[in-house]
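Numbered per my numbering, the sequence shown spans residues 1 to 137.
No lab work stands behind these hints: they were computed from the structure.
Model, not experiment: these values are computed from the prediction.
C-beta atoms are modelled at their ideal positions from N, C-alpha and C, and glycine is treated no differently.
Do not rely on the hints blindly, as some may be mistaken.
[Unchecked claim] Pair ranges (Cβ atoms, derived):
1. Ser-120 / Leu-43: 21 to 27 Å
2. Arg-18 / Lys-114: 27 to 33 Å
3. Arg-21 / Ala-88: 19 to 25 Å
4. Leu-64 / Gln-41: 16 to 22 Å
5. Tyr-24 / Glu-110: 31 to 37 Å
6. Pro-121 / Pro-44: 25 to 31 Å
7. Glu-74 / Ser-120: 22 to 28 Å
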Amino acid sequence: MRPITNHALWLGHAGDIRDVRILYDTGIQAILDLAGNEPLQQLPRSFTYCRFPLFDDGSNPKWLLQVVIHTLAELISLNIPTLVFCSAGLSRTPVIAAAALAKVTQLPIEQCLKTVSHDSPADVSSALWVSIKDVIA
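I would like the entire structure built from these sequences, with the hints used as guidance.
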């Protein structure tokens with residue numbers, strides 16, 4: 001789990017929510033689960049948990065992409081400490097975070113993707129990237 005500087009935002013992978021003590025210690029209040037290929041997570045009631053089952057192959061409905069980007073952008077705007085995660089944290093997580101940051105900051109999505117992935121590995125699916133860029137255009 002890694003923080004995004006200047007925002008109450010953390011990016012992670014499915015394993016990051018298995019130890020709820022870490023979530024409590026970092027002050028996480030909202031969790032966005034993007035892992036469409038992982039089982040539903042069981043968390044304590046004190047967390048706001050949103051599941052948006054996304055896939056890297058570009059098959060996601062446009063409305064679902066719009067809703068997840070809008071939801072994360074609102075949480076960022078409201079400064080709600082939020083963890084976004086997918087299975088490995090390498091594709092869906094950074095792309096959705098970048099799209100939401102682009103919406104909030106009005107910066108180009110490419111610049112936001114560099115911001116969220118500058119100090120960690122990323123393996124962005126080209127099909128997902130194209131569909132996200134289409135949604136935010």
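Hints and how they fare:
1. Ser-120 / Leu-43: 21 to 27 Å: holds (24 Å)
2. Arg-18 / Lys-114: 27 to 33 Å: 29 Å Cβ-Cβ, so the 27 to 33 Å window holds.
3. Arg-21 / Ala-88: 19 to 25 Å: Given a distance of about 22 Å, which is inside 19 to 25 Å, the answer is holds.
4. Leu-64 / Gln-41: 16 to 22 Å: For Leu-64 and Gln-41 the Cβ distance comes to about 18 Å; the hint holds.
5. Tyr-24 / Glu-110: 31 to 37 Å: For Glu-110 against Tyr-24, whose Cβ atoms are near 35 Å apart, the range 31 to 37 Å holds.
6. Pro-121 / Pro-44: 25 to 31 Å: Holds, since Pro-121 and Pro-44 (Cβ atoms, about 30 Å apart) stay within the stated range.
7. Glu-74 / Ser-120: 22 to 28 Å: For Ser-120 against Glu-74, whose Cβ atoms are near 25 Å apart, the range 22 to 28 Å holds.
Hint compliance for this structure: no hint is broken.
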